[in-house]
Amino acid sequence: MSTTLTEAIRKTVLVDFTPEEAFDLFTARIASWWPVRTHSYGGDDVKNVVLERRVGGRLYEVTEQGEQDWGSVLAWEPPTRLLLDWQIGEASGTEVEVTFAPEGPGSRVVLEHRGFGDADPRERYSGGWDVVLGAFVDTTSKNA
Amino acid sequence: MSTNGLVLDALGDWTRRQIFEALRRGPRSVGDLAGDLPVSRPAVSQHLRVLKDAGLVVDRKDGTRRIYSVDPDGLAGIRAYFDSFWDEALARFAAEARKERQ
Numbered sequence: 001m002s003t004t005l006t007e008a009i010r011k012t013v014l015v016d017f018t019p020e021e022a023f024d025l026f027t028a029r030i031a032s033w034w035p036v037r038t039h040s041y042g043g044d045d046v047k048n049v050v051l052e053r054r055v056g057g058r059l060y061e062v063t064e065q066g067e068q069d070w071g072s073v074l075a076w077e078p079p080t081r082l083l084l085d086w087q088i089g090e091a092s093g094t095e096v097e098v099t100f101a102p103e104g105p106g107s108r109v110v111l112e113h114r115g116f117g118d119a120d121p122r123e124r125y126s127g128g129w130d131v132v133l134g135a136f137v138d139t140t141s142k143n144a
Numbered sequence: 001m002s003t004n005g006l007v008l009d010a011l012g013d014w015t016r017r018q019i020f021e022a023l024r025r026g027p028r029s030v031g032d033l034a035g036d037l038p039v040s041r042p043a044v045s046q047h048l049r050v051l052k053d054a055g056l057v058v059d060r061k062d063g064t065r066r067i068y069s070v071d072p073d074g075l076a077g078i079r080a081y082f083d084s085f086w087d088e089a090l091a092r093f094a095a096e097a098r099k100e101r102q
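Respectively, the protein sequence lines represent chains U and D. If you read the first sequence in this note's numbering, its first letter stands for residue 1, the second for the next number, and so on. If you read the second sequence in this note's numbering, its first letter stands for residue 1, the second for the next number, and so on.
No lab work stands behind these hints, which were simulated from the structure alone. Worth double-checking, as some hints may not be accurate.
Here are the simulated SDA-like cross-link-like pairs (lysine to any residue), alpha carbons at most 20 Å apart as the crow flies [as the list claims (entries may be wrong)]: (1) U:K11 to U:Q65; (2) D:K52 to D:L33; (3) U:K11 to D:D32; (4) D:K99 to U:V36; (5) D:K99 to U:R114; (6) U:K47 to U:E112; (7) U:K11 to D:L33; (8) D:K99 to U:E95; (9) U:K11 to D:L90; (10) D:K61 to D:R24; (11) D:K52 to D:A34; (12) D:K52 to D:G77.
Covered, in the sense of this in silico footprint (three residues per stretch, anywhere, with C-beta under 8 Å from a C-beta of chain D), are these stretches of chain U [said to hold, decoys possible]: (13) 9 to 20; (14) 32 to 43; (15) 102 to 115.
From the three backbone atoms N, C-alpha and C, an ideal C-beta is built for every residue, glycine too.
Using the sequences plus the hints, can you model the full thing?
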């Protein structure tokens, strides 16, 4: 398989906002800038875009028909980092990471969308946690 | 999100995703795939048809069997779609920040 399959998409944008302001605009106020007409399931029918600001929170669009999930929050580290489990369509579990760093009078915002062609990350995580929790159980049972 | 709608829909189904993930580990026959999944052989064939129509898998004949494998161009299409998706989304994000600064 060609390497482009697993290569992450990486985009950088500079804004005249502090990382705190940029993080807030990207998350709490996502509905003010997200191009719903082209970047949603409902298009012009989308009334709102919501990002629940906590680990495990949902990212979803709202139409009169109801809510449609786009992803969920895997890491919530204001004002420096946001990690999303990206569930749109291809869902086989890609990840979107957005980082915010001070640069000059403003901020550098870097977005990385990765995991194209990878196995479902939820399976990767569960494998990972099995190992971590297995080690924890080993340790606690030895101490018991 | 309509450009790659067919691809996205094809992988939206749990069973199809399992089939696709299995093929990512290497080429397999229909019978072989059905043996690993809690679905019938005809169901596997039907899922493979959807994946093939979406350009995600390709097949070839091997004697009486048909061997399926991942089509590298299919995933490259999803990636290309999201590449321009984020260009546009981030341009809007930056434009909103500029607007609020004025």
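Evaluation of the provided hints:
1. U:K11 to U:Q65: Measuring from Cα to Cα gives roughly 33 Å; hence the hint is violated.
2. D:K52 to D:L33: Holds, because 15 Å separates the two Cα atoms, which is no more than 20 Å.
3. U:K11 to D:D32: violated (41 Å)
4. D:K99 to U:V36: holds (18 Å)
5. D:K99 to U:R114: It is violated: about 30 Å lies between the C-alpha atoms, which goes past 20 Å.
6. U:K47 to U:E112: violated (27 Å)
7. U:K11 to D:L33: It is violated: about 38 Å lies between the C-alpha atoms, which goes past 20 Å.
8. D:K99 to U:E95: violated (29 Å)
9. U:K11 to D:L90: Holds, at roughly 8 Å.
10. D:K61 to D:R24: Within the cut-off at roughly 19 Å; holds.
11. D:K52 to D:A34: Holds, at roughly 17 Å.
12. D:K52 to D:G77: Given that 20 Å is the threshold and the Cα spacing comes to 14 Å, the pair holds.
13. 9 to 20: Our answer is that it holds, as 7 residues pass the Cβ test (under 8 Å) against chain D, meeting three.
14. 32 to 43: n = 8 at 8 Å, threshold three: holds.
15. 102 to 115: As far as the stretch 102 to 115 of chain U goes, the hint holds, because 3 residues have Cβ atoms under 8 Å from chain D.
Comparing the model with each numbered hint stated earlier shows that hints 1, 3, 5, 6, 7 and 8 do not hold.
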